[in-house]
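Asks: Sequence:
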Amino acid sequence: MNRLLIRGGIVVDPSQGLEARRDLLIEEGRIAAVGENLNVPSAETWEADGLHILPGLVDLHVHFREPGQEHKETYATGSRSAALGGVTSVVPMANTNPIVEKQADLKFALYLAQDQAVVNVYPLAAATVGQKGEDLTEYADLKQNGAVALSDDGKPIMDSAVMRRILEYASMVGLPLFLHEEDMNLSARGCMNEGYWSTFLGLPGMSPAAEEVMIARDLILADETGGRIHIQHVSTARAVDLIRIGKQRGIQVTAEACPHHFTLTDEAVKGYRTHAKMNPPLRTEKDRLALIEGLKDGTIDAIATDHAPHTRHEKEQEFELAPFGIIGLETLFPLTYNNLVLTGALSLSDAVRKMTLEPARILGIDKGTLQPGADADIALVDLNLKRVYTEDEIQSKSKNSPFIGWELQGWPVGTIVGGNIVMRDRKLLV
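Counting in this note's numbering, the sequence shown runs from 232 upward without gaps.
In short, the hints are calculated from the structure, not lab data.
Glycine included, every Cβ here is placed at the ideal spot set by N, Cα and C.
Check the hints yourself; a few may be wrong.
Below, in silico cross-link-like pairs of lysine-lysine (DSS-like), each with a Cα-Cα straight-line distance of 30 Å or less [as the list claims (entries may be wrong)]:
1) 386 with 517
2) 658 with 527
3) 546 with 478
Restraint-style ranges between C-beta atoms, simulated for each label pair [said to hold, decoys possible]:
4) 252 with 575: 30 to 40 Å
5) 266 with 346: 33 to 43 Å
6) 345 with 529: 33 to 43 Å
7) 275 with 440: 50 to 60 Å
Work out the full structure: start from the sequences and follow the hints.
Replies: Okay, structure coming up:
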């Protein structure tokens, strides 16, 4: 029997309310036992003194670019990046080429994942044909063939009547709708947050209202239809307020925030740094603090990366021409730990919950837990490890991170997926 005993670490499992020194036994790819002083002579042993043992992180929002843009990322490289970051389950967006909108597209995505990925992959499918915001895709068929959610991410659904119809049909088949909230009439041609820094730099701005009016609309439509919506990459203070009100009214809404939005502000664009260009853009300090407050009070359920790889030459263009997006899988945990836990905004357990149990709950998958019987998806982290994030270690095919050169504390040092060790001592084994 294949056995692994992780001994002497601090187990942090929000699903059990557990944060204590425990041993953890893995048998045949599953958690067999969590307890004190487990004695299993036949098991391979991983001495975890000084480490924290977490459920494997679950990232609701990544772009792996395959098929169609393999020069930016593939399932192989993207999943290796995830493994280095302690992320054991990912949800790739559907905006590939071709778009994941039919049964055949979904099956091909699942084939690529099974053939290349070293972490668990849960694909979602486009909500509309061609992500044009007009005709609906076949929701029941897509769910039956493995889609965990629907999304036109990268593009908003501008037509309110179409949005209402999507929610009606999505609720019938029990799929959540992941939403990129942006009124293109308010943000068109913008390339950073509209405000002091856009004026100072002479760059066209994107009004925060572009995000907020769409969230307000979709909360109303979700309330009317009973549909379930998930607001992606929330970035403004008023957006947090709107979601908070929606939850108070009993609307089926969940939300995610990205580490870059609760770490940086639009001042990071100073110097026309394209690695600080993403959509939605970095906002103001007021917005950054509001996101943290939303994470504290539960308005924002989950933390996700919106991992969006782009090539070096694309990002080396003039700011207005460079594409939106940054990579983030490898810095998910340390940025969260440094900006939310070390600052006292969240407890370690609450931060872990927002990267494990809560995203799994949103997806409706049996992940994010270390309870006996669960899949042995585990991240081991060294909360005392301080190191500088360097370009040389990046496993993504792209290097577009604004955090290169940053010294951060608290890094994943081990990753286990389905009982298999895929990363140990910051070295990938796959």
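Asks: Hint by hint, say whether it matches the structure.
Replies: Hint by hint, here is what the structure shows:
| no. | hint | in the structure |
| --- | --- | --- |
| 1 | 386 with 517 | 26 Å, holds |
| 2 | 658 with 527 | 33 Å, violated |
| 3 | 546 with 478 | 38 Å, violated |
| 4 | 252 with 575: 30 to 40 Å | 23 Å, violated |
| 5 | 266 with 346: 33 to 43 Å | 37 Å, holds |
| 6 | 345 with 529: 33 to 43 Å | 35 Å, holds |
| 7 | 275 with 440: 50 to 60 Å | 56 Å, holds |
Violated hints for the displayed structure, listed by number in ascending order: 2, 3 and 4.
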